[in-house]
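Going by mature numbering (1 follows the signal peptide of the UniProt record, and there is no 0), the letters in the sequence shown line up with residues -23 to -1, 1 to 288, in that order.
No wet-lab data here; the hints were simulated from the structure.
Among the hints, a few may not be true.
To be verified - Here are the computed distance ranges between Cβ atoms for each label pair:
no.: 1; residue 1: D141; residue 2: R258; range: 50 to 56 Å
no.: 2; residue 1: T128; residue 2: R151; range: 38 to 44 Å
no.: 3; residue 1: A155; residue 2: P229; range: 32 to 38 Å
no.: 4; residue 1: E150; residue 2: D243; range: 36 to 42 Å
Cβ coordinates follow ideal geometry from the N, Cα and C atoms, glycine included.
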Amino acid sequence: MRARTALSVGLAVVMTVQTPAAASEAGAGQGPARGESSTRADVLAALHGEAYDYRVYRAYAAQAAAAGSETAARLFRETAHQERYEHFAELARLAGLVGSDADNLTTAITGEHYEATEMYPAYARQARRDGCAAAAKVFTEISHDEQRHATWYTAARDAITDPDADQRFPVGERVPAAAIPAGPARCTGRTQANLLDAMHGEAFAGVQYALYSEHAQRSGRPRLARLFADVGSQEHNEHFVEEARLAGLVGPTEDNLRTALAGERDEATITYPRYRDRAVRNHDLAARLFDEFAQDEARHAGQFAAALSCR
């Protein structure tokens, strides 16, 4: 769970756009974290990490199932479920991630515009320097998608804030899930790191937009709910998948178990204890949550280690 380039922009977006009032309107029941900015940054970094773990473990589960390793597939699915529906959900409530529909759209517009005009064009240029034409092509195509998303979200915000605006804003199309086959990384140098950075951002956006969609549905705006859901499906099922294929994200089941074990051990012994200790110094209630997550990740590490010992 490292704070990368895309994450740093995400922190700025949420910290400047979200307000306590907007968070309470989300119906999440809790406002933003109250501690120092370091704790808030840790909460938001953890959100990106949990979303990424969720998406990766789902990919590992699909690979294990296809290889006939149903026990490993079930373990990956169960771990992914906890990362997404417990850890991410609790962190999102703590951070006040979901605001009013208008605030959610503003957050989304800012993030999509940054990715379209700065992040992905820069990644495409770097990929060309690294001689990875396939990544340059994918990054360029995604930048165009993100610009289109920003345009759609802007039209939606106009519609909900101005009764005289066109109410039939675009909603996109749902992108079905796609497999991430096992294979080696196709790029080297800085481009490989940029692929990992981008995957963290796409994983986070997919889960974030799912929460925004649920809020819009509760607010009586089914068209907006569909827009968030459809864009989120493209982030998860197309953008993340294309980047993961280039990055060599998925390997044989045994390799995936080793990767998962190393990641969970790091979160259990380094990442979450560090977040917890900073929150304690700030007298922040996030400390309890971080401590619980460290224990959960230690348990996951034990489960992955046991699965490896049986192979």
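Against the structure, the hints come out as follows:
1. D141 / R258: 50 to 56 Å: holds (51 Å)
2. T128 / R151: 38 to 44 Å: Once the Cβ atoms are compared, 19 Å apart, the range 38 to 44 Å for R151 and T128 is violated.
3. A155 / P229: 32 to 38 Å: violated (20 Å)
4. E150 / D243: 36 to 42 Å: About 38 Å separates the Cβ atoms of E150 and D243, which means 36 to 42 Å holds.
Going down the numbered hints, you'll see the structure goes against 2, 3, while the others check out.
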